[in-house]
Structure formats: C-alpha cells, structure tokens
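We have chain A already, so just place chain B on it with the hints.
2 protein chains.
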Amino acid sequence: MRDKHYLMVPGPTPVPPAVAAAISRPVIGHRTEDFARINQQITEKLQKIFQTQNDIFVFTNSGTGALEAAVANTVSPGDTVLSLITGNFGERFAKIARAYGAKVIEVNFEWGRDVDLKVVETKLAEHPEVKVVLATQNETSTGVTNDIAGIGALVAKTPALLLVDGVSGAGAIEIKVDQWGVDLLCTASQKALMLPPGLSMLSVSDKAWKVVENNRSPRFYFSLPAQKKAYKKWNTAYTPAVSLFFGLDATLDLILEEGLDNVYARHALLAKAVRSAVRSLGLKLLAEDRCASNALTGVWVPEGTDVDGLRKIIKQQYGVTFAGGQGILKGKIFRIAHMGFADKMDVIIAVSALEMALAQAGCSVELGAGIRAAQEVFLGRAE
Amino acid sequence: MRDKHYLMVPGPTPVPPAVAAAISRPVIGHRTEDFARINQQITEKLQKIFQTQNDIFVFTNSGTGALEAAVANTVSPGDTVLSLITGNFGERFAKIARAYGAKVIEVNFEWGRDVDLKVVETKLAEHPEVKVVLATQNETSTGVTNDIAGIGALVAKTPALLLVDGVSGAGAIEIKVDQWGVDLLCTASQKALMLPPGLSMLSVSDKAWKVVENNRSPRFYFSLPAQKKAYKKWNTAYTPAVSLFFGLDATLDLILEEGLDNVYARHALLAKAVRSAVRSLGLKLLAEDRCASNALTGVWVPEGTDVDGLRKIIKQQYGVTFAGGQGILKGKIFRIAHMGFADKMDVIIAVSALEMALAQAGCSVELGAGIRAAQEVFLGRAE
Chain A
124 MRDKHYLMVP GPTPVPPAVA AAISRPVIGH RTEDFARINQ QITEKLQKIF
174 QTQNDIFVFT NSGTGALEAA VANTVSPGDT VLSLITGNFG ERFAKIARAY
224 GAKVIEVNFE WGRDVDLKVV ETKLAEHPEV KVVLATQNET STGVTNDIAG
274 IGALVAKTPA LLLVDGVSGA GAIEIKVDQW GVDLLCTASQ KALMLPPGLS
324 MLSVSDKAWK VVENNRSPRF YFSLPAQKKA YKKWNTAYTP AVSLFFGLDA
374 TLDLILEEGL DNVYARHALL AKAVRSAVRS LGLKLLAEDR CASNALTGVW
424 VPEGTDVDGL RKIIKQQYGV TFAGGQGILK GKIFRIAHMG FADKMDVIIA
474 VSALEMALAQ AGCSVELGAG IRAAQEVFLG RAE
Chain B
124 MRDKHYLMVP GPTPVPPAVA AAISRPVIGH RTEDFARINQ QITEKLQKIF
174 QTQNDIFVFT NSGTGALEAA VANTVSPGDT VLSLITGNFG ERFAKIARAY
224 GAKVIEVNFE WGRDVDLKVV ETKLAEHPEV KVVLATQNET STGVTNDIAG
274 IGALVAKTPA LLLVDGVSGA GAIEIKVDQW GVDLLCTASQ KALMLPPGLS
324 MLSVSDKAWK VVENNRSPRF YFSLPAQKKA YKKWNTAYTP AVSLFFGLDA
374 TLDLILEEGL DNVYARHALL AKAVRSAVRS LGLKLLAEDR CASNALTGVW
424 VPEGTDVDGL RKIIKQQYGV TFAGGQGILK GKIFRIAHMG FADKMDVIIA
474 VSALEMALAQ AGCSVELGAG IRAAQEVFLG RAE
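Line order of the protein sequences matches chains A and B.
So in this note's numbering, spot 246 of the first sequence is number 369, and the numbers just go up one at a time.
So in this note's numbering, spot 181 of the second sequence is number 304, and the numbers just go up one at a time.
Fair warning: there could be bad hints in the mix.
A pair counts as met if it fits within one copy or between any two copies, since identical chains are not told apart.
[As the list claims (entries may be wrong)] Mimicking EDC-like on lysine to aspartate or glutamate, the simulated pairs with C-alpha atoms at most 16 Å apart in a straight line are:
(1) 330 / 301
(2) 127 / 381
(3) 218 / 229
Keep in mind that the hints were calculated from the coordinates and are not lab data.
In this text, all values refer to a predicted model and were calculated from it rather than measured experimentally.
If we strip away everything but chain A, and leave its shape as in the complex, we get (with noise of 0.2 Å):
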C-alpha cells in the first residue's frame, strides 16, 4: 500500500508529525532576530542534552561533515591521530584524518565487539606523540556502543583531544561532554534526533579551542572560529537550512519534555525486547549483550539464505525497511533501527515482518515466537 512504510535503518528515520509540521512552517531570513532567538534556543537545548557548557554549533551538512571539521580544525599535517575501529564509519573517521595528512595509528577491534580499553591504555602510552584519538559511540555499522566514559578517562590524562563520533548515538544513547572529557563532539540530524537529514551539531571544549586556534589545516566552510564569530551574534556562519532549524527546536523540545532518562530507558526497553526476539527466533546477534548498542540491532542472517532477498520481501510485502550489512558484513547482517521516534509497536512491527519474511524465505521459524519473547520484555516478564 502506497505510503504505508516502516522506515527502520539508521538514519534517515521517521520524523514525529510535531517535527515535521514545525519544518513546514514559513521560511524566514537568517540574518534576522526571529532567527537568532530560535538558534539561541538551540544551543541552549542541546547543551542540556549533550550534558555540556561547552559551545556547541550546528552546520549544515551531513554527520560526515561533522567529522571533517573536527578533523579539519584539530589535525595538521603530519600529527599522530590514534583512530580506535569497530567498523565502518570508525574506517571513515580514520580516512578523514589520512585525507588531512596525518600519520593515522589505526587500532582494529573485531567488527562487532567494542573497543578494550587496556590496548587503549598501551597505545597511549607507547605513542606520547598522539595529538588526537578518534572513537565512535555508537558504531552504526555493528550496532555497537563504545565506552566513551572509559576511552575519555585515559585520553584526559594525556594532552590528546578525543573527537567522538556521536552521529547514530545522539538522542539514544547517554553521553555526558563534560563529565566524560568529550572535546569534539560530533552529531548529526537524521538519527535519533528525529530529523530528516542536512544538518550535524558539532560540541568545542575549552581544551579544544586551542588547538583549532593554531591548527595549520585549510578550513573555511567547515572553519571553526569563523562559527565561532558568527555565533557571538546567534548567527551561523554560512546559511543555515532554516527549515531543519525549526524542526530541531521542534525535536529538541520533544526530547526534552519526555526527559533525558526516559528517552534513554526507551531506547534499552526496544533494544532488550528486539534482542530477545532475534535471540528466541533462533537467529544469532552480531553484539554481545554487554556492548549491544541501543540504537539499532546487527543479526546475522541464517546460514543459506540471502539477505538481500530477506530484506526485499519485508519490503515489498510488508513495507518494513531493514538495513544491510555494510563492508565485510556486506550480505553477512542486517540491521534493525529502533532509534528516535521509534516505541514498542514499531519493534512489533520489525519482528513480525522479520517472522513472515523467515517463512517465506523457507526458513525453519516458530510465528509469533519472537513476538512473543518482545511482548514478556514489555510486560516486564523476561530477565
């Protein structure tokens, strides 16, 4: 039926119909006052939930760009970068900083588990020189969530800067900047922010700011101080793409009215109840409990059957879109979102189009099995 789709990969996600009716709304000049006080509005926003005092700026562009200015204004040539990998998009953040002539120290972690911080702790230590760590909280390609907690404890006590990649995590996953000694944080709209994408957020501590003062890299677009300067008057530097402006004091205030620690729980709760579900179909995660990410699920298809043809069947018969895997997971996984605006019936939804499509792809599958095992987690009746 046309027009009736379950959007379930990592981003772009469903907007809430708050959202999108905000993104409707008459577009207005940016170098104006009813434009700073909304962008002044913003920063204050998302400064609560990024639990910081740190200045934070949105860019409009995607979370790539997002990366790329963190990397653009904190890496010279030939600075040692430690780039700590569970999967793609940590690849991605390592080939940014390669594109910007650093020496790159990359540490590999087995795509699906997170990274151990002792072998952070050691290359630390052997490489004094490493001017700036690159990690991913939630590695949208795994679904795996990284102890940034952990990874900020050790880079603070050296003089490194530690750029996060919060892209897929933002909004589903707790991350406290300050506390956890975050100096770039980098997010992006169209995850679980509940916005379409074309805009990144991008968080500057203190520690920070002088490196990217003196740092020898060329920026304009994506410059730092010229942000900065711009944001002294709530403006941005260049322009903004007004609309998703709108949508994110929209989407900021739905969050927020639902409380941090609510939104978070939700996130565990769809999370535990898709697991659980998987687990009792018979068919293996790619995560372990321990680091399985809240956001979105990575399952290994069973063996013989082709995940392609899964993922076409849920849908074209059911309208439930699934992601693929990505890199060497490619044909190997795929991945459901439960991510933003996203609650129990959406994870009902994915389930029992996964059971259905098992079925018709002649696997041996119990129906409503896995349903069930989702229902005891929202009744409060599974482990």
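Okay, now just chain B, sitting in the frame of chain A:
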C-alpha cells in the same frame, strides 16, 4: 510516546501523507475555475468508485448530515418509511425520518446480525404504501455488512426509494449503486475514504429526482435541487470545505491507483486476519463470518473483564485506540477498525496490543497466538 498513536476506531481514521499534503495546499476561492475543475474531477472519480452514472454531490458536513439530506429531500410529513435496523446507525436513520414527520415502520434485527431479506420481502408486501426504505450498508456499531444488492432487488419491484447509509462502507466494501438500485447513497469522508471528517457525498438516482423535486419537507442547506443547480457550473450551493476537497481529490486518486478490486481485497484480508487472531485468543466475535464487516470487527469482551479498563491499557501503554460498544452493546464489546489507510502491520499492531492488554487485565492469553493466526492468514496458510 507523544504523537505515536494508532487510530483504530471506525472513523475518523488515519490520513495518508499524500492526502495530508494535499489538504495543506494554500486555500483557494470556491467561486473560481480552479475549484470547479477540482470539483468536476472529484465527481467523475466518485462515480467510478460508487459504480454509478447518477449525480453525486459533496456536502460540507458529517455523514449524519448526508443522512438528513437524503431524508429531507425524499420524505414528506405523513409518508411511510420502512426502516431496516441492525444497530445504532440504523436507529439514527429512523430517528431522522421521524424528525421529518414520517410514519416509520421499524424492523429491528438482532445487533450483530444482518438484515433478513425474507422479512424485507414480507414487510414490503404488507405495506405497499412504503415510500422510502432506509438501509445501512455497513453497520458501524456492530461490524455487520448488509446485503444491499438483495435489498435493492426487492425495493426495485416497488415504487419506493432505497436510501442507503454507506458511511462506513464506502471505500472498504463494494457498492454498485446503479446495478443494485440504490437511489440515494450517503457516504462520508472520515472512514475508508481516508480523509478527516467534514465532507459527505450523496448520489441521487433519476427515480429519486422525481420525488426530490416534489418533496414538501423544509430544506435549505441540504437542498438537493439547490446543489444540482450549483453543480451545473461545478460549484457548490454553499461554501465548501475547500481544503478537504483538495484532500478528497488526492484520496480518490490513491484508491483508483490501487484499484477498486485491490482495495476491497485488502480490506477482506485484514478483516479475515483480525477475526482469525481474535478467535485464536479465545475471544468471541460479535458477527458471524457470513455477514462480518471487512471494515471493522466487533469483539465480545471476555466475561468479567472491564472493557473500558482494557481499552485504557491499550491506549495508554501501546498508543492504540479501539472503539467501545454503542447503545445496548456499551460495555460489552470493543471494535477494531481496519479500514482506509490500513494494511497488514496495522492488524499486527492491533492484535499485539490486545494480547498484552489482555495479559495485563488478568485474562488468560497465550502471547503471540493471535499474531501467529494473523500471520498465517497473510501467508496464505489459513483456511
């Protein structure tokens, strides 16, 4: 979660995004060529859907207004009206006829059952003075569909007019106005036609026009002759709800694009899945399968269960809204609508919410059993 609602009452029903977008278009003046063009398109599309060459008019009022317009234009004080009642909306139709001074012969069928054609045949034979017959295509209060083709064939042998309340049937269950001899069909926007409330549509046969023109009841806003005159220029007699006309034009496109047969088959499939799921949970259906509606399903609450308490759990904890019972069925049944912008996953949501709420209300229920039954229908594995 705010804005995460699943509206499953038999009107209003959810509005598809394409229709909501059409409704949001800038309003235009109604005495314009632009409006006339849209109104003409709407009429032609409605004629296809109701399978008629008769005049069709769109009125700006609820379905009850359409019922009143039908009566006000065909019933004069003292006229004899045969009223075939299978539930609350049949009763309302009779009440309107009495308000216009008709002598109403009420034939009451048990709520949950359909009109018995033999009774109709007998009553028509006993009362050759009957001028108008009132029937309900789909009785919203019980979830029963009446045999309009059968009733029409009987009425066609008499000089009486057949007035049909098609409010909750239109767009979900087939109606062939010309072939079945429906003289006035009354429908409304907010059910299977996937629009918000505010519009009603009325078709008028040639047989009816002769009566309408000579009718002695007072009518102004509901005047069919006034509307007919305005429609000669594709105008409406009085100010129309312009935005809803935009939406009507868009929603009729969606229906014709999907194809009438496909639309009716989809409703039949969803209804079958709901009935199968409800049965497998050990609950009893109000209507026999033979006359059960494809647009909504009435379900007896398990003995000793408070239906309002059950509906409250379903609403507050899962965001799903079911309807309660009406009239003599109040407190005894609940109703699940599956009409209009509804597909397989809506059934899954309804059944899953019902299963969990039953468990929470202390009923004995096998979690997932209803889902499995619905899935088996969708997979073509059920009877």
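>> Treating 16 Å as the Cα threshold, decide for residue 127 and residue 381: within, between, both or neither.
In response: between (26 Å within a copy, 13 Å between copies)
>> Within, between, both or neither: how does the pair residue 218, residue 229 come out at a Cα-Cα threshold of 16 Å?
In response: Cα proximity of residue 218 and residue 229: one copy only (10 Å, versus 80 Å across).
>> If the cut is 16 Å between Cα atoms, do residue 330 and residue 301 qualify within a copy, between copies, both or neither?
In response: Close inside one copy (11 Å), not across copies (79 Å); limit 16 Å.
The structure fails none of the hints (numbered hints given earlier).
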